[in-house]
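Asks: Work the whole structure out from these sequences, hints included.
There are 2 protein chains.
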Amino acid sequence: MCKPRLIPSSVLRHIKPRPAAPSPRFTPLSTTPAPASTTQIRPLASWWSSKMPPSDVAKHLQADHDHIFENNRKWAAEQKVKNPAFFDKLSSGQEPDYLWIGCSDSRVPAEQITGLGPGECFIHRNIANMVPNTDLNVMSVVNYAVNHLHVKHIIVCGHYGCGGVKAALTPQDLGILNPWLRNIRDVYRLYETELDAIEDAEKRCDRVVELNVHEQCRNIIKTAAVQQSYAQNQYPIVHGWVFDMKDGLLKDLNIDFVKVLGQIQKIYNLTG
Amino acid sequence: MCKPRLIPSSVLRHIKPRPAAPSPRFTPLSTTPAPASTTQIRPLASWWSSKMPPSDVAKHLQADHDHIFENNRKWAAEQKVKNPAFFDKLSSGQEPDYLWIGCSDSRVPAEQITGLGPGECFIHRNIANMVPNTDLNVMSVVNYAVNHLHVKHIIVCGHYGCGGVKAALTPQDLGILNPWLRNIRDVYRLYETELDAIEDAEKRCDRVVELNVHEQCRNIIKTAAVQQSYAQNQYPIVHGWVFDMKDGLLKDLNIDFVKVLGQIQKIYNLTG
Numbered sequence: 001m002c003k004p005r006l007i008p009s010s011v012l013r014h015i016k017p018r019p020a021a022p023s024p025r026f027t028p029l030s031t032t033p034a035p036a037s038t039t040q041i042r043p044l045a046s047w048w049s050s051k052m053p054p055s056d057v058a059k060h061l062q063a064d065h066d067h068i069f070e071n072n073r074k075w076a077a078e079q080k081v082k083n084p085a086f087f088d089k090l091s092s093g094q095e096p097d098y099l100w101i102g103c104s105d106s107r108v109p110a111e112q113i114t115g116l117g118p119g120e121c122f123i124h125r126n127i128a129n130m131v132p133n134t135d136l137n138v139m140s141v142v143n144y145a146v147n148h149l150h151v152k153h154i155i156v157c158g159h160y161g162c163g164g165v166k167a168a169l170t171p172q173d174l175g176i177l178n179p180w181l182r183n184i185r186d187v188y189r190l191y192e193t194e195l196d197a198i199e200d201a202e203k204r205c206d207r208v209v210e211l212n213v214h215e216q217c218r219n220i221i222k223t224a225a226v227q228q229s230y231a232q233n234q235y236p237i238v239h240g241w242v243f244d245m246k247d248g249l250l251k252d253l254n255i256d257f258v259k260v261l262g263q264i265q266k267i268y269n270l271t272g
Numbered sequence: 001m002c003k004p005r006l007i008p009s010s011v012l013r014h015i016k017p018r019p020a021a022p023s024p025r026f027t028p029l030s031t032t033p034a035p036a037s038t039t040q041i042r043p044l045a046s047w048w049s050s051k052m053p054p055s056d057v058a059k060h061l062q063a064d065h066d067h068i069f070e071n072n073r074k075w076a077a078e079q080k081v082k083n084p085a086f087f088d089k090l091s092s093g094q095e096p097d098y099l100w101i102g103c104s105d106s107r108v109p110a111e112q113i114t115g116l117g118p119g120e121c122f123i124h125r126n127i128a129n130m131v132p133n134t135d136l137n138v139m140s141v142v143n144y145a146v147n148h149l150h151v152k153h154i155i156v157c158g159h160y161g162c163g164g165v166k167a168a169l170t171p172q173d174l175g176i177l178n179p180w181l182r183n184i185r186d187v188y189r190l191y192e193t194e195l196d197a198i199e200d201a202e203k204r205c206d207r208v209v210e211l212n213v214h215e216q217c218r219n220i221i222k223t224a225a226v227q228q229s230y231a232q233n234q235y236p237i238v239h240g241w242v243f244d245m246k247d248g249l250l251k252d253l254n255i256d257f258v259k260v261l262g263q264i265q266k267i268y269n270l271t272g
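Sequences listed follow chains R and U, in order. Under full-length UniProt numbering, the residue at position 256 of the first sequence is numbered 256, and the numbers go up by one with no gaps. Under full-length UniProt numbering, the residue at position 157 of the second sequence is numbered 157, and the numbers go up by one with no gaps.
Please keep in mind that the hints were generated in silico from the structure rather than gathered at the bench. Among these hints, one or two may not hold up.
The list treats identical chains as interchangeable, and a pair is accepted whether it falls inside one copy or across any two copies.
To be verified - Subject to a maximum C-alpha distance of 16 Å in a straight line, what follows is the list of computed EDC-like cross-link-like pairs (lysine to aspartate or glutamate):
no., residue 1, residue 2
1, K222, D135
2, K246, E78
3, K80, D244
4, K259, E215
5, K203, D244
6, K222, E210
7, K74, D247
8, K74, D244
9, K82, D247
10, K266, D186
11, K246, E202
12, K246, D206
13, K74, E210
14, K246, D88
15, K80, D247
16, K74, E111
17, K222, D256
18, K203, E192
19, K259, D200
Replies: Next up, the structure:
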């Protein structure tokens with residue numbers, strides 16, 4: 001069932017010397033040189049080099065693949081040892097209390113930083129933890145989580161140093177990313193006076209991260225699903241948090257859910 | 001920075017006796033009764049009961065909140081003990097080799113089942129691991145991961161018993177979820193003869209899960225970002241996997257990336 005496969009021979013056949021990798025149009029999160037590898041964090045330089053012979057590339061691609069299947073077998077075996085009924089329970093259904101809407105960034109692994117296990121948290125992750133009201137993807141997630149899974153908490157979690165937010169604060173054309181990042185620029189516009197007054201660029205960016213979380217929480221509260229469920233059940237409650245990679249801690253933005261709901265409903269009331 | 005807050009008094013004020021929870025319009029993943037709680041998996045019945053007095057609801061909401069912040073402080077402290085430089089490295093940047101597109105289902109925690117740590121895997125999760133070509137959310141994720149992060153592998157991972165797939169195979173009106181689930185019905189239509197021939201409903205559903213992963217891999221291969229990057233760099237490679245909750249193992253669908261790329265490019269070639 002889980003037998004690792006070789007990288008297909010059709011891939012190997014096509015591997016040939018390549019030109020140097022194209023320069024990224026923006027550096028997503030940092031220009032700091034990669035530190036040395038540790039067993040804790042994968043080295044930032046990855047294994048790839050433009051000078052690497054094709055056979056080595058193939059070996060690394062295969063090793064990447066095998067690495068995950070090996071990890072997976074180990075994980076599954078460990079769960080069975082800890083609790084022989086683990087997978088029977090897991091496959092019988094889910095009733096998570098939390099919906100997490102976070103960033104796709106590889107350094108914000110939702111379950112690890114919250115200590116939540118399988119079955120506890122329904123997850124949506126996209127670039128910069130956005131909740132645009134016309135986005136069918138995230139709107140379907142919110143609808144499903146509230147109306148069908150009856151989650152008690154919805155968490156929007158941003159993170160300082162967010163590449164999406166940095167990109168949105170940079171005057172450049174990023175093609176298909178432009179309309180997505182536009183939503184972040186729209187947040188800036190709402191708080192233009194406050195943000196313009198922050199002289200330090202990094203601090204200004206971090207404040208946009210926080211304000212963006214506030215606004216995405218508002219976007220969730222504006223939905224019919226949340227307003228109607230709360231009116232009937234007193235849940236879900238919407239929380240805004242920010243993850244700080246410098247110390248690994250979550251910061252609670254202390255959003256007063258009921259107060260914001262009241263403000264929202266002056267214009268966006270959908271409970272009638 | 002991470003001080004847990006109380007559930008706002010404005011929430012507590014509004015908590016009052018509630019009517020019984022509305023019946024879900026469909027049971028997302030199983031109708032099997034919840035098994036007893038263990039320390040491994042949160043009890044399926046959650047803490048909520050329609051007969052619970054409001055003060056108890058407030059206590060549970062607060063406990064849910066505190067639980068996560070407690071877990072988070074513990075996790076952060078553990079990382080520092082294991083590697084004092086952990087967060088310095090983490091905050092210096094990301095260069096993940098993998099993009100994971102998986103289901104939002106709480107029982108498929110991507111990093112846990114693959115053993116990947118912070119910084120290793122860029123993540124997008126939505127209902128039924130879909131990659132619709134008009135969806136700006138997932139298309140932005142693919143574009144960012146390929147063109148800016150230069151990921152080497154893109155994994156689409158479905159799972160047997162998927163609630164989204166089950167819902168799409170049920171003749172019912174699910175409101176805003178209809179257009180999202182329509183994409184799964186479109187997959188059924190492509191393989192109608194094969195699927196109609198499977199008499200057992202669960203087996204048919206599981207086969208739709210697999211075929212859906214195949215088709216979402218194709219959708220990724222159809223993008224300009226993937227075709228152009230592969231032509232230049234021989235990466236990323238696209239993989240289709242399915243997670244089986246009954247044993248915790250990943251199953252490789254052995255998609256031959258180069259073969260599929262060739263098939264796709266007869267019609268969808270965007271490398272010119």
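Asks: If a hint holds in the structure, say so; if it does not, say that too.
Replies: Verification of the supplied hints:
1. K222 to D135: Close inside one copy (14 Å), not across copies (21 Å); limit 16 Å.
2. K246 to E78: Only across copies: K246 and E78 sit 14 Å apart there, 31 Å inside one copy, limit 16 Å.
3. K80 to D244: So K80 and D244 pass the 16 Å test across copies only (14 Å; inside, 34 Å).
4. K259 to E215: within (14 Å within a copy, 45 Å between copies)
5. K203 to D244: Cα proximity of K203 and D244: one copy only (13 Å, versus 44 Å across).
6. K222 to E210: Neither. Shortest intra-copy (19 Å) and inter-copy (36 Å) distances fail the 16 Å Cα cut-off.
7. K74 to D247: between (29 Å within a copy, 12 Å between copies)
8. K74 to D244: between (30 Å within a copy, 15 Å between copies)
9. K82 to D247: Between copies only: 14 Å across, 30 Å inside.
10. K266 to D186: neither (21 Å within a copy, 40 Å between copies)
11. K246 to E202: Only inside one copy: K246 and E202 sit 14 Å apart there, 47 Å across copies, limit 16 Å.
12. K246 to D206: This pair counts as within: shortest intra-copy Cα distance 13 Å, inter-copy 43 Å.
13. K74 to E210: Neither: 38 Å inside a chain and 24 Å across chains, both beyond 16 Å.
14. K246 to D88: between (39 Å within a copy, 6 Å between copies)
15. K80 to D247: between (33 Å within a copy, 9 Å between copies)
16. K74 to E111: between (19 Å within a copy, 13 Å between copies)
17. K222 to D256: Cα proximity of K222 and D256: one copy only (15 Å, versus 44 Å across).
18. K203 to E192: within (14 Å within a copy, 55 Å between copies)
19. K259 to D200: Classified as neither; 31 Å inside a copy, 51 Å across copies.
Against the hints set out earlier in the document, violations occur for numbers 6, 10, 13 and 19.
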